[in-house]
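J.: Going line by line, the protein sequences match chains A and B.
So the first sequence is residues 477 to 913, counted in our numbering.
So the second sequence is residues 182 to 444, counted in our numbering.
Worth flagging that the hints you see were computed from the coordinates, not collected in a lab.
Since the model is a prediction, treat every value here as computed from it, not as a measurement.
Any given hint could turn out to be false.
Taking CB as the label site, the calculated pair distances span [to be verified]:
| id | chain 1 | residue 1 | chain 2 | residue 2 | range |
| --- | --- | --- | --- | --- | --- |
| 1 | B | Asn342 | A | Asp656 | 58 to 66 Å |
| 2 | B | Lys423 | A | Asp838 | 34 to 42 Å |
| 3 | A | Gly570 | B | Asn342 | 54 to 62 Å |
| 4 | A | Ser516 | B | Asn298 | 19 to 27 Å |
| 5 | A | Gln511 | B | Lys365 | 32 to 40 Å |
Where a beta carbon is used, it is the ideal one built from N, C-alpha and C, also for glycine.
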Amino acid sequence: MEYLPNILFIILLGIGIGFFAVNVKKLVRNINLGQDVDVSDNKSQRWKNMAMIALGQSKMVRRPIAGFLHIVVYLGFVIINIEVLEIIIDGIFGTHRIGLSVLPESVYGFLIGSFEVLALLVFVAVTIFWIRRNVIKLARFWKSEMTSWPKNDGNFILYFEMVLMTLFLVMNATDMHFQDIQTGNVISQYITSLFSGLSETTLHVIERTTWWFHIIGILVFLNYLYFSKHLHILLAFPNTFFGKLTPKGQFNNLEAVTKEVKMMMDPNVDPFAAPAEGAEEAIPAKFGASDVQDLNWVQLLNAYTCTECGRCTSECPANQTGKKLSPRKIMMDTRDRLEEVGKNIDANKGEFKEDGKQLLDDYITREELWACTSCNACVEACPVSIDPLSIIMEMRRYLVMEQSAAPIELNNMMTNIENNGAPWPYNQMDRLNWKNE
Amino acid sequence: MSELLKVPTMAEFMAQGKQPEVLFWVGCAGSFDDRAKKITKAFVKILNKAKVEFAVLGTEESCTGDPAKRAGNEFLFQMQAVTNIEVLNAYEVKKIVTACPHCFNTIKNEYPELGGNYEVMHHTQFLKTLLDDGRLTIEGGEFKGKRITFHDPCYLGRANNVYEAPRELIRKLEAELVEMKNCKRTGLCCGAGGAQMFKEPEKGNKDVNVERTEQALETQPEIIAAGCPFCNTMMTDGVKAKEKEADVPVMDIAELIANAQDL
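With these hints in hand, go ahead and build the complete structure from the sequences.
T.: This is the structure we're talking about:
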């Protein structure tokens, strides 16, 4: 019986990590539903971007208040999690504060002391975040796409962190042995008074309870990630690595189109020639994107990485002037649809069964797509290198090249370009008239 | 005045067996839009003054395909691109300058993959090199001490990280450069990009150009400077909507410089 807690702990840990692994597998499977795209170029620049943007938070701090608070939470999260290592070892081997027996007391004290300070700072930062969302009601957290789940999700994460930090500090405060050695209890010593007068047994029970809740909380949080916008804590790293390296104004040239255009322009091509034997032309099923499978996998990774901070939407000229377009919603819709497709595949033994729905119209409306000015403000604003504009462009391509469904004025503009080489109905032969006017 | 403009074509250069220093890509707006034509002429006057051997394609120029591409018509874009590249390559063009950030972005970034490799400069960058090389001198003239705010064109600024060249030229005019609350990489779009120029905006509570013009007017400028013919149109309309057209002209950087030189 004496090993019961150890066994229980190992089972919990196994379930927690096991579930997470299953969900990560689904996540990878879903992302791989996207089209292939070559992002193997310029590795050194990619590592640099990841180091600067994800690890170094360089774009977060462009908004100084949110940026600073975020760094506190980020550092706190990373550093305090070293403590989880000790909890796991203690849990498996039934030890208590194994760190104390392997590290000099002063080093251990320094480590736990830093965790305590960070825990307090994280608690404060998270509280301010909560106030910004719920009391100050910053506009970008109250846009139309931020209702129901997205709104609750944002708050749940904050509650989770508040609870975890509290558990950690209470655990330390009620650990008499730890308080007795008088090192590292820089914050928890001030809350011990809350528990004064309690018997040793009660204190021990509280300490054990918080210890268990702390680790269970962390495992639950880990598994919450897959269902939450909070996935960014993991995906920000690959996402900044695979982010766009070319100038923002450079949109990709569709290769399939290049082939056809080159053929049309080549006077030596026999338009009636039968395709060479075995040379099956790899003409894509469709141009542009009407559903998530038509997007490339980096765009799908983008969707999972989005933490719905809304910096993109707050910078979007269309959104600022009351249009329906919100770049954040483009990313949220892409993820929602992708998860729907993923669940469909799970329910149908690994095969996607046509469900009569798609990203276009069922999630993202044409009105949103046509409101975009392609100004790249959203791309510039994203702290984790998400590119909502590329999804908008792919969907416009589908509308125009597959459905000829551009707004009529744009059709006129394109007819003009086709006929006279300018978006307006002027004769190309008049192009130099200005010099004599 | 107009007879003073020297605008040779690539065909004329070729006939003489010569290559110009640079090709001036005029663009559709610069060729046909009444307001933008003034910018084109202002830029040509400066080129003439600085004795730059340039040429235009004239009737051999055609839309770069930018608005088609941003509207989603990749076919039309690539047809335009390949046609233009054939012409440019036939003339062995090496260097291109244009007063339109959309043409600039498209030729610079999207043509190379299709076989068109050129050194491409926005006219503000080109003017700055003329200045740096001492081929052009700028005096403040009528703009000395004037409050000027610069509206960053998205396809010059964010799209290609060119923020300083136009600003440096304004400073050279000895004008007082004042920045809007959204400038450089957070600059707000004028509302014309992504083929919006050619359609009515979607339903909203305001037009983007009016929002941007309000930001510009907040700086209490005497002049709003632009570096893009489309931004110029949008900002001009915005200023009209705010009934300020009599007080605050919208001018291209090339026009500022040409006017300062009394060209």
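J.: So which of the earlier hints does this model not fit?
T.: none
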